[in-house]
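Engineer: Residues per chain are reported as follows:
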Amino acid sequence: MSSAVLEIEGLSARYGEAQALRDVSLHVGEGELVTLVGRNGAGKTTLLRCVMGLHRQSSGHVRLNGTDISVWPPYTRARAGLGYVPDDRGIYATLAVEENLTLPPSVASTRWPLTRVYDAFPVLKERRAHAGTKLSGGEQQMLSIARALRTGASVLLLDEPTEGLAPVLVQRVAAMLQEAKREGTTVLLVEQNLRFATTVADRHYLLAQGQIVEALANQEVIARESELLRHLGV
Amino acid sequence: MEYLALQLFNGLVNGSFYALLSLGLAVIFGVLRVVNFAHGALYMLGAFAAYLLLQDFGVGFWLALILAPIGIGIAGMVLERLLIRRLYGLDPLYNFLLTFGLTLMIQDGVRLRYGLQGQPYPAPAELAGSVSAGLVAYPTYRLFVIAFSLVVCVAVWYVIERTRLGMIVRAATERPELTRALGINVDRWITPVFGFGVALAALGGVLAAPMRNVSPLMGSELIIFAFAVVVIGGMGSIAGAVVAGFLVGVLASLAAVFNPALENVVAFALMAIVLLVRPAGLFGSLEARS
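Line by line, the protein sequences give chains X and Z. If you number the first sequence the way numbering that gives the first Met the number 0 does, the last residue is 233 and the count never jumps. If you number the second sequence the way numbering that gives the first Met the number 0 does, the last residue is 289 and the count never jumps.
Honestly, I wouldn't trust all of these hints.
Listed below are several chain X residues computed to face chain Z (Cβ distance under 10 angstroms; list not exhaustive) [as the list claims (entries may be wrong)]:
hint	residue
1	Met51
2	Gly52
3	Pro73
4	Thr75
5	Gly82
6	Asp87
7	Thr93
8	Ala95
9	Asn99
10	Val106
11	Arg146
12	Ala152
Honestly, the hints are just simulated from the structure, not real lab data. Keep in mind the model is a prediction, meaning the values are calculated, not measured. From the three backbone atoms N, C-alpha and C, an ideal C-beta is built for every residue, glycine too.
Isolated chain X (complex conformation) (with noise of 0.2 angstroms):
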């Protein structure tokens, strides 16, 4: 068992009076791919929000590679080396492809540069001045990851990176997942699409209410598939 490079402990969150997470605690291993599966409502956006400091838990500590990282702002988190990958897939139209593949500074020895990026995406190359927004919903997402992952970030943060995606492009996502986990990269991955998080992930957190209910196994969650697809309303 590796140390764990990213704790949760006892994380509580709040939107006014709407309790979001309730005593949540977390960890995931050094190199390991863990998702979070639930219901749309269950905390899933909003634990990740807290993470990476955007939101502000009402109690509980995140600790990052043992330090405490609870109280620090965004940007120091990110430069701790935490990547983030938002919902929305977080694309500005005001900057070019290029621009926003540039615009977070890199925080290791990167083993993405953007060359490595445009080889594997030789599409982002290709409308490297274009504004990000013009791409393909499917082009944004890659772009969006190969951001996190040309920073050098040593955890990802990926909150539904498959949503809304062709299954080709599902597999395209898995493919530079597995690549990264190679890599020695960390990821905590927020998913609804049960199968994909089968495919690529080594355990899995169940999430309702804003409670983690069940930590699984990756060949348990394969065995009780139906019953777990049920649970979450697919």
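Given chain X, work out where chain Z should sit, using these hints.
Structural biologist: Relative to chain X, chain Z alone:
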């Protein structure tokens, strides 16, 4: 025909001031989400700074053109640190109350000391007289105002569109929260950006000093037009502010050829049409979120 050409140049001169002021407003609104109603008063302070530099220290126009924007820009940065900063995340109503209140205080402060009556300010000797500009002879100084304002606008556009700093400003304008999550310390740029926008207003003020009497209320009318220009160009859009600035200036002056009363109507009629047809402004994007 000559009158038409004359009015075209007058329009470009007015447009120069609209563009400089709207540019500052657009940059400030983009990064701070603050509508700076004090912008007209800061423009006036720029003109007064030039006037005082000349009266009290014998510093002429050219040096004032550099010193006044820097000084007023620094004052703007202090203002942001002390007061504007407290607006972030509050109801926009406080934004209006504070910056409009500042306008009244600045205007009346100057008025208390120097009175309402305007003070004359001489144009630099190098730019005295007029030159032949196509059909008409046009004052050299005013042609300089047009050229200088264009150079400043293009330089600002270049910085915003072609440099890394500009890229950060654009990113922070479009998606402030995400930009922070991508590792950019957006807050570090807030004070300098406000100072820069204020410096542009002060620069406009210095340029206006030789053309208009330097008076406490000189910015109060101009600022209304600058706001119309910002809305027409698209809130927070750099190119929009510049293009709409010159557009409004020229259209208003040309409309005055047909009926002088139309001059002041054009900006607001255009604003109404743009809001109906393209609510995000000529260069604005509805996708840009706050």
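Engineer: For each hint, tell me whether it holds in the structure or not.
Structural biologist: Each hint, compared with the structure:
no., hint, verdict
1, Met51, "holds, 5 angstroms"
2, Gly52, "holds, 7 angstroms"
3, Pro73, "holds, 4 angstroms"
4, Thr75, "holds, 8 angstroms"
5, Gly82, "holds, 9 angstroms"
6, Asp87, "holds, 9 angstroms"
7, Thr93, "holds, 4 angstroms"
8, Ala95, "holds, 9 angstroms"
9, Asn99, "holds, 9 angstroms"
10, Val106, "holds, 7 angstroms"
11, Arg146, "holds, 8 angstroms"
12, Ala152, "holds, 9 angstroms"
Hint compliance for this structure: every hint is met.
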